[in-house]
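Visitor: Could you put together the complete structure from these sequences and hints?
So you can see what is in the structure, the chains are spelled out below.
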Amino acid sequence: MKERRFLYDFPSVTEPEWAPRVERWYQLDALAYGLVESWWHWRLLGTPSLIVAASPGASNESDRRFLAAAPSAVRFVHTLPSVRIAPLCQVMQWTGPVVCIQDGDRTLATAVEEAALLVGPEYPRVWALGVWKDGGRYRVDCWDVCYSSDEEGEARC
Amino acid sequence: MRERLLTHLESAWREADVGPAPEGVIFASTKGEHEDFIRTAVDRDPYSELLDAFLARVGLFPRRRLVVSNACASSHVAIVLARRWLHRMSNVLVLAADGIGPFVETGFRSLGALSPTRVRPFSADRDGLQLGEGAAALLFSKSSFSDLAVSGAATETDGQSVTRPSTDGESLRRVSACALGGKSPDFVLAHGTGTVFNDQAEGKVFETLCPLAPVTATKWSIGHTMGASGALDLIAAAEAMRRGRLFNIGNTPVADPKLGASFLHASAPPCEGDFRRALVTSLGFGGVHAAVVLERTES
Numbered sequence: 005m006k007e008r009r010f011l012y013d014f015p016s017v018t019e020p021e022w023a024p025r026v027e028r029w030y031q032l033d034a035l036a037y038g039l040v041e042s043w044w045h046w047r048l049l050g051t052p053s054l055i056v057a058a059s060p061g062a063s064n065e066s067d068r069r070f071l072a073a074a075p076s077a078v079r080f081v082h083t084l085p086s087v088r089i090a091p092l093c094q095v096m097q098w099t100g101p102v103v104c105i106q107d108g109d110r111t112l113a114t115a116v117e118e119a120a121l122l123v124g125p126e127y128p129r130v131w132a133l134g135v136w137k138d139g140g141r142y143r144v145d146c147w148d149v150c151y152s153s154d155e156e157g158e159a160r161c
Numbered sequence: 078m079r080e081r082l083l084t085h086l087e088s089a090w091r092e093a094d095v096g097p098a099p100e101g102v103i104f105a106s107t108k109g110e111h112e113d114f115i116r117t118a119v120d121r122d123p124y125s126e127l128l129d130a131f132l133a134r135v136g137l138f139p140r141r142r143l144v145v146s147n148a149c150a151s152s153h154v155a156i157v158l159a160r161r162w163l164h165r166m167s168n169v170l171v172l173a174a175d176g177i178g179p180f181v182e183t184g185f186r187s188l189g190a191l192s193p194t195r196v197r198p199f200s201a202d203r204d205g206l207q208l209g210e211g212a213a214a215l216l217f218s219k220s221s222f223s224d225l226a227v228s229g230a231a232t233e234t235d236g237q238s239v240t241r242p243s244t245d246g247e248s249l250r251r252v253s254a255c256a257l258g259g260k261s262p263d264f265v266l267a268h269g270t271g272t273v274f275n276d277q278a279e280g281k282v283f284e285t286l287c288p289l290a291p292v293t294a295t296k297w298s299i300g301h302t303m304g305a306s307g308a309l310d311l312i313a314a315a316e317a318m319r320r321g322r323l324f325n326i327g328n329t330p331v332a333d334p335k336l337g338a339s340f341l342h343a344s345a346p347p348c349e350g351d352f353r354r355a356l357v358t359s360l361g362f363g364g365v366h367a368a369v370v371l372e373r374t375e376s
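Line by line, the protein sequences are chains A and B. So my numbering is basically just the index in the first sequence, starting at one, shifted up by 4. So my numbering is basically just the index in the second sequence, starting at one, shifted up by 77.
These are computed hints drawn from the structure, not numbers from a lab. It cannot be assumed that every hint is accurate.
Ranges between beta-carbon positions, derived for each pair [to be verified]: (1) 353(B) to 110(A): 37 to 43 Å; (2) 141(A) to 334(B): 34 to 40 Å; (3) 141(A) to 164(B): 36 to 42 Å.
Here the structure is a predicted model, which is why all the values come from computation and not from measurement. Every residue gets a Cβ at the ideal spot worked out from N, C-alpha and C, and that includes glycine.
Guide: So this is what it looks like as structure tokens:
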């Protein structure tokens, strides 16, 4: 298992390189933006066979922004954890299973545990992706869990 | 909202009469109890706190518990995960619940997704969905304690669009074919929200994947219960199989002729038979596509 961390600021002052791949990229919320930006930064890593998506705090911040402004379809759709992953799928040009999980303060740890439980012959490479606001900045963590078998056939991560 | 959802969940759990304490519990929900938290406690988790409150209320202490939130396909994704958990556990309880509050209603209204008239899934003049509220409890076990079993389940996210399913239906076709494993369904219980794009995508898939299988839906009757809808549809499919009779899509007098599948519209004759296999589909915001196959076991 390998862990990678990516810190970023939002909103971005320049148009990202991946902008042409995401329809209306400028409408993304901070967390959806960060998932795409981090993958673009790490893109040589390739793609997984399954993603466990973890957002501590769920979509509370985006929910609050939706309520604070006039009702907006754009803001509303970004109030769901599964929507957060969609732009990443577009940029990776990837289609596959995504499990969005919540577990309070343990959301990130639980995501890594689930990734370790899910990895295997059916899903040989599982990413646990965590994104959240960390102090004044935002942060993405990617735990890349790969499957391999030793001589006894035991799974190793 | 919390008390209402807890009451729904407890009713569903008691009705399910799941017997021995489950080793694992997965809770599927689109928004949990966030209507209670959104203005005052944004640092709290509106999903896990609800699940823990429910477990404490009914006195369950599972070895592992988790919340899955994949929008309106949450139940299906939870079932996919539950089948994996069964590799390590003897039984897993899937709970599902969602409620309607001002946030959810305002949101769907802002999308223009709510029907101003009444929900008519798969009709040519369909004009949107109606929200519903509900809860469900399903116990999955390694031992064959039931006459029905989930024989296949699959999900994928394609990200083609944030709010629409893949317009060519390819993702739904793939997950449905994967869940069916080469077999044909005796009927389909569709997601059938009554929105233009949902019904178009499902119609395309059923027309080619299983053109002769009767297709029905529940949301015209009980509304769209969001994250709970997949589990509720699975229960509806189970009841239809046990009774040997399908329900029609009551609000839809005639199906859209552009959708080629065999829809059980309101004026279609009663559909009865020995139904042994049902395909139940689900779609969610963020490009989530999912399918579960329910099958009668020989026992």
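Visitor: Indicate, hint by hint, whether the structure satisfies it.
Guide: Hint by hint, here is what the structure shows:
The given range of 37 to 43 Å is respected by residue 353(B) and residue 110(A), whose C-beta atoms sit roughly 42 Å from each other. Between residue 141(A) and residue 334(B), the C-beta spacing of about 55 Å breaks the proposed range 34 to 40 Å. Restraint check, residue 141(A) to residue 164(B): a C-beta distance of roughly 39 Å satisfies the suggested window 36 to 42 Å.
Consistency with the previously given hints fails for number 2 only.
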